[in-house]
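Take a look at the letters that make up each chain.
There are 2 protein chains.
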Amino acid sequence: MLTFLVRWLFFYAMTMAAPHSHTLSSELTDTLRDAIITGEIKQGSKLSETRLAKELDVSRGPLREAIRRLEGMNLIHHVPQQGARVVELSVDIVLQIYHAREALESKAVALAATNMASPDIDELHRLLDAQAKHLKENSGTSIPAESDYAFHEAVIRGSKNRMIKHLLLHETYSLIKMFRYQTAAARSSSTNSLIEHRQVVYAIEQRDPVLAEAIMRQHIVHARDRIEQRFANQQQPVSH
Amino acid sequence: MLTFLVRWLFFYAMTMAAPHSHTLSSELTDTLRDAIITGEIKQGSKLSETRLAKELDVSRGPLREAIRRLEGMNLIHHVPQQGARVVELSVDIVLQIYHAREALESKAVALAATNMASPDIDELHRLLDAQAKHLKENSGTSIPAESDYAFHEAVIRGSKNRMIKHLLLHETYSLIKMFRYQTAAARSSSTNSLIEHRQVVYAIEQRDPVLAEAIMRQHIVHARDRIEQRFANQQQPVSH
DNA sequence: CGCACTAAAAATGTCAACATTAATAGATGT
DNA sequence: ACATCTATTAATGTTGACATTTTTAGTGCG
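Protein sequences, first through last, are from chains A and B.
Position one of the first sequence corresponds to residue 511 (the working numbering), numbered consecutively onward.
Position one of the second sequence corresponds to residue 511 (the working numbering), numbered consecutively onward.
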């Protein structure tokens with residue numbers, strides 16, 4: 511009887527717990543994704559399979575699979591018989607990305623206002639407090655990118671909508687992170703961000719989807735406007 | 511002089527014209543995509559690499575790449591060391607997809623109202639006329655799915671926003687087509703669709719983004735509501 | 001000097017075999 | 001009959017080699 515329980519626990523530990531499935535292909539995906547987002551691999555540069563395979567000491571098979579996945583994340587553009595290149599983020603395309611983000615994330619927060627559970631909302635407060643603390647200790651600065659992402663990702667997850675989560679976190683945010691990381695002027699958010707974040711949380715707590723959506727939309731439109739003003743009349747890949 | 515022109519034409523024909531780049535991998539992607547959308551490969555069924563490779567008489571390399579791409583289209587779910595399965599469309603996830611579609615496509619039509627050129631709008635009229643003709647000749651029916659897609663795709667393209675076009679046409683519509691194709695009750699659109707389509711075109715012609723967005727949102731919300739009512743209390747993969 | 005042509009080099013696309021992990025079937029014991 | 005262990009089978013992950021295409025370098029000609 512006891513042995514049965516012990517065996518069951520052992521079974522559970524081995525099978526249900528953290529799969530931790532490293533597959534070389536997925537590790538390569540992460541490695542390349544990070545290298546592209548940080549700019550270590552430059553925009554527009556070619557991802558040569560033979561060269562990368564040598565450098566990373568892997569065969570071309572898993573590498574090609576990783577490239578196919580990055581293609582699905584919009585991080586690279588692939589032309590048959592010619593290879594893959596990192597996408598080039600012109601100001602124009604970044605503004606288009608922000609339009610998509612506006613549509614999706616404003617919808618996400620509306621759903622979050624309805625669907626978020628209390629513990630999830632508590633988490634939002636913790637993230638707000640961390641941002642407030644950072645601003646207090648480093649006056650004159652603004653919210654660092656990582657902290658900003660953490661907040662937005664928590665809200666997006668609060669929508670409890672798998673499709674919207676996928677489209678935002680997997681398809682859209684990789685490009686936004688790439689842009690912000692490689693653009694000094696966009697590294698941190700605006701000075702009003704904390705206020706707007708607080709308003710978002712307030713609207714969610716009030717279970718007011720319409721208000722929450724409006725505030726988030728404004729928040730993202732502001733961000734887009736700042737980009738548009740900063741890079742007015744600039745057409746080519748975003749520089750520092 | 512003449513030889514020069516001939517040579518240039520030859521050059522043009524060889525290089526610029528229809529790339530038609532058959533790469534086996536991309537053909538497999540299309541083949542499998544269609545088989546999944548039509549249900550020829552059933553929801554939840556496993557995509558066995560070895561079996562498919564034998565059946566289609568190809569090696570596993572290109573097949574795996576095709577599977578990675580379908581993964582990016584949300585048509586299949588892949589678990590490391592266990593293989594890939596076709597996604598299962600529960601009513602719940604379909605409704606979530608329609609929420610995402612609502613957010614994106616209402617934004618798309620707002621942009622289209624600003625960005626569409628006259629010839630593009632003429633095309634919309636042709637599509638409307640085709641739909642009207644169909645309804646006249648087959649009274650009592652509704653717009654067939656193909657014609658409905660053609661209209662929505664034309665509007666989406668009218669947004670001139672690459673990101674939104676990608677998220678809708680590449681990531682979202684494949685799933686919507688899969689659902690509608692495999693669900694008899696969702697094959698054709700509602701009887702009000704033509705009226706709503708006309709209103710969309712009217713708003714675009716008036717260059718009224720707010721109106722266009724509102725109408726499109728209603729149009730998609732109606733579709734979602736119909737699905738919700740039809741499949742109320744049904745939790746598992748959509749059947750006929 | 002520039003343009004077309006040609007040959008060599010390198011890159012991508014594809015295949016088949018090997019390695020490792022998961023699924024299956026059979027045997028054993030209770 | 002049921003569960004557990006084990007051996008076999010089969011599937012996925014990875015590698016290296018081959019085939020084909022593209023790119024590059026070099027040559028000759030106007």
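A few of these clues could be false.
It does not matter which identical chain is used: a pair holds within one copy or between any two.
[As the list claims (entries may be wrong)] Computed list of lysine to any residue pairs in SDA-like fashion (alpha-carbon distance at most 20 Å, straight line):
#1 Lys-675 / Glu-581
#2 Lys-670 / Leu-562
#3 Lys-564 / Glu-537
#4 Lys-564 / Asp-544
#5 Lys-675 / Met-583
#6 Lys-646 / Ala-660
#7 Lys-675 / Ala-695
#8 Lys-670 / Asp-602
#9 Lys-646 / Gly-571
#10 Lys-643 / Ser-703
#11 Lys-556 / Ala-695
#12 Lys-675 / Ser-600
#13 Lys-556 / Glu-656
Treat the hints as calculated values from the structure; they're not laboratory data.
On a predicted model such as this, the values are computed, not experimentally measured, just so you know.
Verification of the supplied hints:
1. Both within a single protomer and between protomers do Lys-675 and Glu-581 lie at most 20 Å apart by alpha-carbon distance, with minima of 19 Å and 16 Å respectively.
2. For a Cα distance limit of 20 Å, the shortest separation of Lys-670 from Leu-562 qualifies neither inside one copy, at 38 Å, nor across copies, at 35 Å.
3. When the C-alpha separation of Lys-564 and Glu-537 is checked against a cutoff of 20 Å, the pair qualifies only within one copy, where the shortest distance is 16 Å, while the shortest distance between copies is 29 Å.
4. In this homomeric assembly, Lys-564 and Asp-544 come within 20 Å of each other (Cα to Cα) only inside a single copy, at 19 Å, whereas the closest approach across copies is 37 Å.
5. In this assembly of identical chains, the alpha carbons of Lys-675 and Met-583 lie at most 20 Å apart whether taken from the same copy (14 Å) or from different copies (14 Å).
6. Proximity of Lys-646 to Ala-660 under the C-alpha cut-off of 20 Å is restricted to the intra-copy arrangement: shortest distance 19 Å within a copy versus 54 Å between copies.
7. Taking the shortest Cα distances, Lys-675 and Ala-695 never come within 20 Å of each other, neither inside one copy (27 Å) nor across copies (28 Å).
8. Taking the shortest Cα distances, Lys-670 and Asp-602 sit within 20 Å of each other only across copies (11 Å), while inside one copy they are farther apart (31 Å).
9. Taking the shortest alpha-carbon separations for Lys-646 and Gly-571, neither the intra-copy value of 50 Å nor the inter-copy value of 55 Å comes in at or below 20 Å.
10. Taking the closest pair of Cα atoms, Lys-643 and Ser-703 come within 20 Å of each other only inside a single copy of the chain (14 Å); across copies the shortest separation is 53 Å, beyond that limit.
11. Taking identical chains as interchangeable, the C-alpha atoms of Lys-556 and Ala-695 are never at most 20 Å apart, the minima being 26 Å within one chain and 47 Å between chains.
12. Taking CA atoms no more than 20 Å apart as the test, Lys-675 paired with Ser-600 passes between copies only; the shortest distance there is 17 Å, against 25 Å inside one copy.
13. Proximity of Lys-556 and Glu-656 under a CA criterion of 20 Å is satisfied in neither setting, with 28 Å inside one chain copy and 38 Å between copies.
Violation of the numbered hints given earlier is confined to hints 2, 7, 9, 11 and 13; the remaining hints are satisfied by the structure.
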